[in-house]
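If you're matching positions, the sequence shown starts at 730 in the working numbering and goes up one per residue.
Hints are not guaranteed to be accurate.
[As the list claims (entries may be wrong)] Listed next, with one range per pair, are the computed distances between beta-carbon atoms: (1) K734 / Q806: 51 to 61 Å; (2) E830 / K809: 34 to 44 Å; (3) N834 / A759: 14 to 24 Å; (4) E758 / R840: 58 to 68 Å; (5) A832 / A754: 15 to 25 Å; (6) E830 / K753: 46 to 56 Å; (7) Q806 / A759: 19 to 29 Å; (8) E758 / R826: 18 to 28 Å; (9) E780 / E746: 47 to 57 Å.
It is worth saying that the hints were derived from the structure and are not from the lab. Where is the CB? At the ideal position from N, CA and C, for every residue including glycine.
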Amino acid sequence: MARMKTTEEVIEQVAEEVVKTMSKAEIEEAEAAKKAQEEAERTAWLNEKVEFKAIYDGDTYKDDIIVTINGRNYQIQRGKKVMIPRFVYMAIDQAERQLMEGAENLRGLVRRFDNEVVSKF
Numbered sequence: 730m731a732r733m734k735t736t737e738e739v740i741e742q743v744a745e746e747v748v749k750t751m752s753k754a755e756i757e758e759a760e761a762a763k764k765a766q767e768e769a770e771r772t773a774w775l776n777e778k779v780e781f782k783a784i785y786d787g788d789t790y791k792d793d794i795i796v797t798i799n800g801r802n803y804q805i806q807r808g809k810k811v812m813i814p815r816f817v818y819m820a821i822d823q824a825e826r827q828l829m830e831g832a833e834n835l836r837g838l839v840r841r842f843d844n845e846v847v848s849k850f
């Protein structure tokens with residue numbers, strides 16, 4: 730007795746048959762449409778608003794955060810919860826990670842310099 734095909738197998742077989750009957754132009758058009766759909770979904774995700782609250786201490790971190798992306802400025806108030814596009818949040822997050830990595834590298838250089846100076850005396 731023959732084994733029954735699963736739904737996934739039937740769908741895959743039908744898709745293969747459809748592709749065989751499609752012309753090259755139709756295939757390219759379908760691929761372009763799929764790519765455009767994926768790009769639209771990614772753009773929608775990046776533009777989705779997310780909640781963000783920047784620290785405010787009244788001293789070092791008291792000024793608004795200004796983020797410029799592709800010539801467009803975003804001014805973000807510190808100390809209050811605000812809704813910003815995800816791509817702006819990602820830019821802020823990346824900048825903070827770069828600052829932290831730079832500070833860590835600087836600490837390493839200072840330690841190395843201190844060790845070299847101490848070893849000379």
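For each hint given before, does the structure comply? Return the numbers of the non-compliant ones in rising order.
2, 3, 5, 7, 8
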